[in-house]
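Q: Read off the chains here:
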Amino acid sequence: MVSANNGSSVSNSLLVVVSQGQSRSPEKRSLEDAIATIAASLPNTTSLVVPHLYDLDADSQSVIKLREWTGPIVILSWLFDRAGFWVLDRHEIRGQHGEVQLLNTDIANEDDDEEDEGEDEKAADRVANIMVRPSRRIYSIDMRAGNSADVFAAEFRRILECEQLDAPKKDLLSLDRFLNPTNSTALSMDGSGRLDGSGRLDGNSASPASHGSPLGIVPLRMDEHPQRRWYPVIDYSRCTNCMECIDFCLFGVYGVDRGETILVEQPDNCRKGCPACSRVCPENAIMFPQHKTPAIAGAPVDAGGFKIDLSKLFGAPERDEDPAEAAARERNEQLILAGRAAVDFNPASTELVAGGTAVATVESVSTKPDRKPDELDSLLDQLDSLDL
Amino acid sequence: MSESLTFMMGDFAAEFPMDRLYAKNHMWAIRMENEVVRFGFSAYAVRLLQDIYFLEFDIEESALLKDRQEFGNIESKKAESGLYAPMKGKVVKINEQLLNDPSGINVDKYGEGWLMEIQGDSSEMLSPAQYLEHLAKAWDVAQRTIKGQANTIESNEE
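Top line first, the protein sequences correspond to chains A and B. When we follow the numbering used here, the leftmost residue of the first sequence carries the number 52, and every step to the right adds one. When we follow the numbering used here, the leftmost residue of the second sequence carries the number 164, and every step to the right adds one.
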């Protein structure tokens, strides 16, 4: 294994992006650092640390920098891998799904994924099959998939091999251009690779990094601090452009592009915490990556949370409602919070019922707990200490 | 701090200051001016949650909340939960400091780690003694819930 990055052209090397979590968990923070550091040491690999992917604005420095990269990308985030992939897609950082073997659940999502069964016949309807993404691959990894940097490094090496980038290459020039743009507003960087950017979100202040240390040995860090955001993310490999979401949402979040394809046009119009449109989507194509229900957050079938849910103890109301009723209630709660009038819910409405059925199917399987033994162990330790 | 009552959660002694009221969903409540009530997590809630890593408010100041309406969520090392309104009313203040550093709740739950202020009718709040009675019942349910979830986990592991 070579210890230093040998560099190569941007399109001919791998970009590993670590998206930092919002959580203050020291374990998460140190894992992020370790992954970014180990990635920087791999051949033909550039390592970049960005703030929480989902919070990034389209004009943020991090997004602008990522858009410049034309080669393969590995994106690591504290989101389900599907969510990570489609958040990038929405920022026009697009490619084909790279196969990831490091998954955050030990139950693979291939054989028992009932949803995939009808997929082939309907494949032609999917937006992603009509608006074909570029051929470069994007590998999205959920950082909950492992707890040591070594397992991630092994996955990076496997990906380098797949991309035929495991042997050192020589073209330093283009990578140098990525790292040291000749932009007069270029940001300087201290010895540890930290950009001293202002973190402002307007496009003019944003510029790619320069690199003060030997090429690629330390991770590049985008030092910006975006506000928290909340908006839907569309999985275009599932979306059929049926327009149920645009009809349902009364806050003007959705729009269509020039080709009449649905898009999340005004993400910041979305009501924080409200996942209602994802419940009415007949294809389960709408994700809220931060929602606590794994099915809504983009979980593969059968993934579960790893944590104990105390909501019932802290006053969660008992509810017995189907997804369509939940969606209507949530939308009404948001209308009232926004100072608007609630709207009637008609349970006979076909679109609501159709969508509700689709979501119900997924939720019923996805809420089956699938937990890791080490989490279980520590949980039980805790229970012991509580003297139950 | 003023005098307090103690409730034993197993071997852990949870302390509840007498200078305030309590909500059934394990928040403390201090009445301020103009029917405004400041809320924070009680020692019972903090003990169940332990180290808090993440907190999110889904509402903004001036939002009108129904009783038990979900207004955010919280995640700790071991657990997660929605946040539910302790009473009906208008949100007048949110402790934004906690977004960046939710460990403020662990550090000073009865002081700087307060959560929010709501303006409304707080007549349903419990006195410390009433809250302790409520806890005696709640603690049984909590143990069953935690154990129940742990058992589900265990049976699925096999």
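Hints may be right or wrong, so weigh each one.
What the hints assert, rightly or not - With a straight-line cut-off of 35 Å between C-alpha atoms, the simulated DSBU-like cross-links for lysine-lysine are: (1) K79/A x K240/B; (2) K240/B x K256/B; (3) K79/A x K187/B.
No lab work stands behind these hints, which were simulated from the structure alone.
Q: Which hints from the list above does the structure break, by number from lowest to highest?
A: Going through the list in order, the structure violates no hint and respects every one.
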